[in-house]
Each structure stands twice: as structure tokens, then as C-alpha cells.
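Sequences and hints are given; from them, build the entire structure.
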Amino acid sequence: MPQNFFPVLADKKICLALAHAACVLMAADPALSPEDAALDACQTYHCLLTLHARQEIPDN
Numbered sequence: 000m001p002q003n004f005f006p007v008l009a010d011k012k013i014c015l016a017l018a019h020a021a022c023v024l025m026a027a028d029p030a031l032s033p034e035d036a037a038l039d040a041c042q043t044y045h046c047l048l049t050l051h052a053r054q055e056i057p058d059n
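Each step along the sequence shown adds one to the number in numbering that gives the first Met the number 0, with nothing skipped, and position 11 is 10.
These are computed hints drawn from the structure, not numbers from a lab.
As the structure is a computational prediction, the values presented were derived from the model and not from experiment.
Backbone N, C-alpha and C define an ideal beta-carbon position, used for all residues, glycine too.
A portion of the hints provided could be inaccurate.
FRET-style restraints, in silico, Cβ to Cβ [said to hold, decoys possible]:
| no. | residue 1 | residue 2 | range |
| --- | --- | --- | --- |
| 1 | Leu15 | Leu38 | 17 to 25 Å |
| 2 | Pro29 | Arg53 | 32 to 40 Å |
| 3 | Gln42 | Ile13 | 16 to 24 Å |
| 4 | Pro29 | Ala52 | 30 to 38 Å |
| 5 | Asp10 | Ala30 | 26 to 34 Å |
| 6 | Leu38 | Lys11 | 18 to 26 Å |
| 7 | Asp10 | Pro33 | 27 to 35 Å |
| 8 | Ala16 | Ala37 | 17 to 25 Å |
| 9 | Ala20 | Ala52 | 16 to 24 Å |
| 10 | Asp10 | Ser32 | 31 to 39 Å |
In C-alpha cells form, the structure reads like this:
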């Protein structure tokens with residue numbers, strides 16, 4: 000298992016809070032349509048919760 004460089008993601012409540020904050024920022028972005036903001040929100044939740052479940056961070 001890869002080393003977790005973001006141990007904060009080990010806490011599911013923190014993952015949910017980060018995802019929620021990102022979604023609020025996307026919803027407030029006038030450059031995004033409501034549809035795009037909703038799609039981005041789904042991707043954000045999926046990404047953070049998948050990383051939490053795997054306890055890994057992909058290489059950049």
C-alpha cells in the first residue's frame with residue numbers, strides 16, 4: 000500500500016467536510032453552470048471518498 004502523504008484523509012468526517020467545502024465554492028462560481036457545478040461536486044465526493052477508502056494518494 001502506498002504511503003499516505005495526506006493523513007488527514009484517513010478521517011471520513013474531514014473528507015466529507017473538504018468535499019462539502021469544495022462543492023460550496025463550485026456552486027458559488029459564476030463561471031460554472033449549475034449542471035457543471037453538480038457534475039464537479041459528484042466527482043469531488045467520489046474522488047475524496049475513494050481516496051479515503053483506499054488510504055492512498057495518486058502520484059502527480
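Comparing the hints with the structure gives:
Restraint check, Leu15 to Leu38: a C-beta distance of roughly 19 Å satisfies the suggested window 17 to 25 Å. Take Pro29 and Arg53: their Cβ atoms lie about 34 Å apart, and the range 32 to 40 Å holds. As the Cβ distance of Gln42 to Ile13 is approximately 19 Å, the hint placing it in 16 to 24 Å holds. Between Pro29 and Ala52 the Cβ separation comes to about 33 Å, which falls inside the hinted range of 30 to 38 Å.
Range check, Asp10 to Ala30: about 31 Å between beta-carbon atoms, so the 26 to 34 Å window is met. Take Leu38 and Lys11: their Cβ atoms lie about 23 Å apart, and the range 18 to 26 Å holds. Here the CB-CB span from Asp10 to Pro33 is close to 30 Å, well matched to the stated 27 to 35 Å. The hinted window of 17 to 25 Å between Ala16 and Ala37 holds, with their beta carbons roughly 19 Å apart.
Between Ala20 and Ala52, the C-beta spacing of about 20 Å keeps the proposed range 16 to 24 Å intact. For Asp10 and Ser32, the Cβ-Cβ distance of about 32 Å falls inside the hinted range of 31 to 39 Å, so the restraint holds.
Of the hints listed earlier, there is not a single one the structure fails to meet.
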